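**Q** One-letter residues, chain by chain:
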Amino acid sequence: MTDMIRASGLVKRYKDVEALAGLDLTVPEGTVLALLGPNGAGKTTAVKCLTTLIKPDAGSAEIAGVDVLTNPAGARARMGLSGQYAAVDEHLTGYENLVMVGRLYHLGKAQAQARARELLERFDLTEAADRPSKTYSGGMRRRLDLAGALVAEPPVLILDEPTTGLDVRSRQQMWDVIRELVASGSTLLLTTQYLEEADRLADDILVIDHGRAIAQGTADELKARTGGERIEVVLADAEDREAAVRVLTEVAVDSVRVGDNGRELTAAVGGSPTGDLLRVLQGFERETVTVLDVGLRRPTLDDVFLALTGHAAEDREVNGSKGATTDETEKELSR
Amino acid sequence: MSTQSLASALSDGWVVAQRNVIKIKRVPDILVFVLISPIMFVLLFAYVFGGAIDVPGNVDYKEFLVPGIFAQTVVFGATFTGYGLADDMQKGIIDRFRSLPMSRSAVLVGRTTSDVVYNVISLVIMALTGLLVGWRIREGIADALLGFVLLLVFAYAISWIMAYVGLIVPSVEVVNNASFVVIMPLTFVSNAFVPTESFSGPLQTFVEWNPVSTVTQACRELFGNTAAGVPVPDSWAMQNPVVYSLLWAAAIVAVFAPLSVRQYRLSTSK
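Top line first, the protein sequences correspond to chains H and D.
Per this note's numbering, the very first residue in the first sequence carries number 5; after that it's consecutive.
Per this note's numbering, the very first residue in the second sequence carries number 3; after that it's consecutive.
Treat each hint with caution, since some may be false.
Derived DSS-like pairs: lysine-lysine, alpha-carbon spacing no greater than 27 Å straight-line [as the list claims (entries may be wrong)]:
id : chain 1 : residue 1 : chain 2 : residue 2
1  : D       : Lys25     : D       : Lys93
2  : H       : Lys138    : D       : Lys25
3  : H       : Lys59     : H       : Lys113
4  : H       : Lys19     : D       : Lys93
5  : D       : Lys93     : H       : Lys113
6  : H       : Lys138    : D       : Lys93
7  : D       : Lys93     : H       : Lys59
8  : D       : Lys27     : H       : Lys113
9  : D       : Lys64     : H       : Lys113
10 : H       : Lys138    : D       : Lys27
11 : D       : Lys27     : D       : Lys93
12 : H       : Lys138    : H       : Lys113
To list a few chain D residues with every Cβ distance to chain H over 12 Å, as calculated [unchecked claim]:
id : residue
13 : Ala108
14 : Ile123
15 : Asp145
16 : Ala229
Across the chosen pairs, the derived CB separations fall in these ranges [as the list claims (entries may be wrong)]:
id : chain 1 : residue 1 : chain 2 : residue 2 : range
17 : H       : Ala311    : D       : Ser269    : 38 to 46 Å
18 : H       : His214    : D       : Val34     : 45 to 53 Å
19 : D       : Gln6      : H       : Ala114    : 43 to 51 Å
20 : H       : Gly189    : D       : Val151    : 23 to 31 Å
21 : H       : Ala114    : D       : Gly59     : 53 to 61 Å
22 : D       : Leu130    : H       : Ala114    : 38 to 46 Å
Derived from the structure by calculation, the hints contain no laboratory data.
Here the structure is a predicted model, which is why all the values come from computation and not from measurement.
C-beta: ideal position from N, C-alpha, C; glycine also.
Put together the whole structure using the sequences plus the hints.
**A** What follows is the structure, given as structure tokens:
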């Protein structure tokens, strides 16, 4: 399998901030790599280097075998970019936007028009095709922008935070669209701060922080790094804590974690989690521990991410709602 | 620049120009605002200051004034180029342009080209305003057409200066002030509103060699708005206004087109 996207040793400095500190990545043909990281991790800067929008201070990158530094036009012809901020002309209609992009890809007028209609259809924008795009909703604009990236059917697609700021329904729609693209054989690099998004869409995940990779693997591999499954218990009464910890310790592979309020307990468990859960329940009955909730939970990417980037687990928000704010710091840095 | 890259600069530039023209159609209020000021100038000079300005010969001041207003209008109108470009640079669409395998100069070529359309519209409005206040074309149609073409060519050249200004300013709001610095001396220290003779010493020399003066002089001659028996100032520029103005236009494009393209690349590859 050939690598369609390849970067090695990318470095980019803005004054005294090192936005990229030697980033390496490869994306084999037909696969999806998610670049996952918090605000200011260097995701957008990496995308800008790969898409020839900025020149890295050091390092090299290739798109479909074409060097982005020595042949930027050739690289641009082989990829489509859909950015964090929808790159559409607000005064042009959806149709006019796509025809313009097609003609700038040198498709020829008739072909650009046919392609524009086809994409509007595919992205469910036919009804809005003849309205100026400034009347579009955020989700519609993103879809139009993504359609713009697909006009020339490039083999490589780079999506910078494709769903940041979208509501749940629009995000779901976007995911469906992206999954279709992957199914049709595109090679895709996407950046995201939604852990759930990386889990759902990517074959491989590269976690970056402070401009460098801190971990890489499939979602399962990354999850394995924070240990196996865990039993979570919410006690009805904090006074039962000692007894509950005693029961959990019998099955736990590590020490039992106690939440701030003293009623939430977490225990990582080993090879037979359901058997362990059963033993815990029996133990609680024996010790007359009353619980509000007890359950088995697989670690989420959140856990991995937080373990790797060193944020306290207590700070984290519910899976999926994190990162609703835009990447302001990074935007400031790279503009 | 190779033939191929020139061809793609032109064809990509044409696509961008079409996009800009659509924008003029969709947001005509910008056009209205930019056109009101030259109309105000015609009325102001024709009816307010005009009475106090002596024009040599027996030519009516309004006939003297209107070709000058044409020259002033196209110079002021070039600000539109700066605005448009500064505005584009802040919009998301520029990211799309930058990620496409299109010519790097297409955004600039497109902008200056679409502004020719804008200048044609503004010259038509100014000509109608001129006719209303009493200006007339007294030479042949061919000469008159040459006059308008000269104005458009000169306007195109000034567009490139303003394109550069639009690229170096930090925001759209600054374009106005920055271009004012270029435009005011060029248009007011010229023969557009008052005769050359009314300036003294070195200022008069400046006026005689100022391309805005020669464009104005050329238009007056081509439209037949000069008075018989009044001598043309004795500088080569004023004696050969069409050639001299065209040389200026060529020189401006030769300097500012490469400068602007360079600036565009710089500001899009930080």
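**Q** For a quick check of understanding: which of the numbered hints are violated here, in increasing order?
**A** The structure conflicts with hints 3, 9, 13, 19, 20, although it agrees with all the remaining ones.
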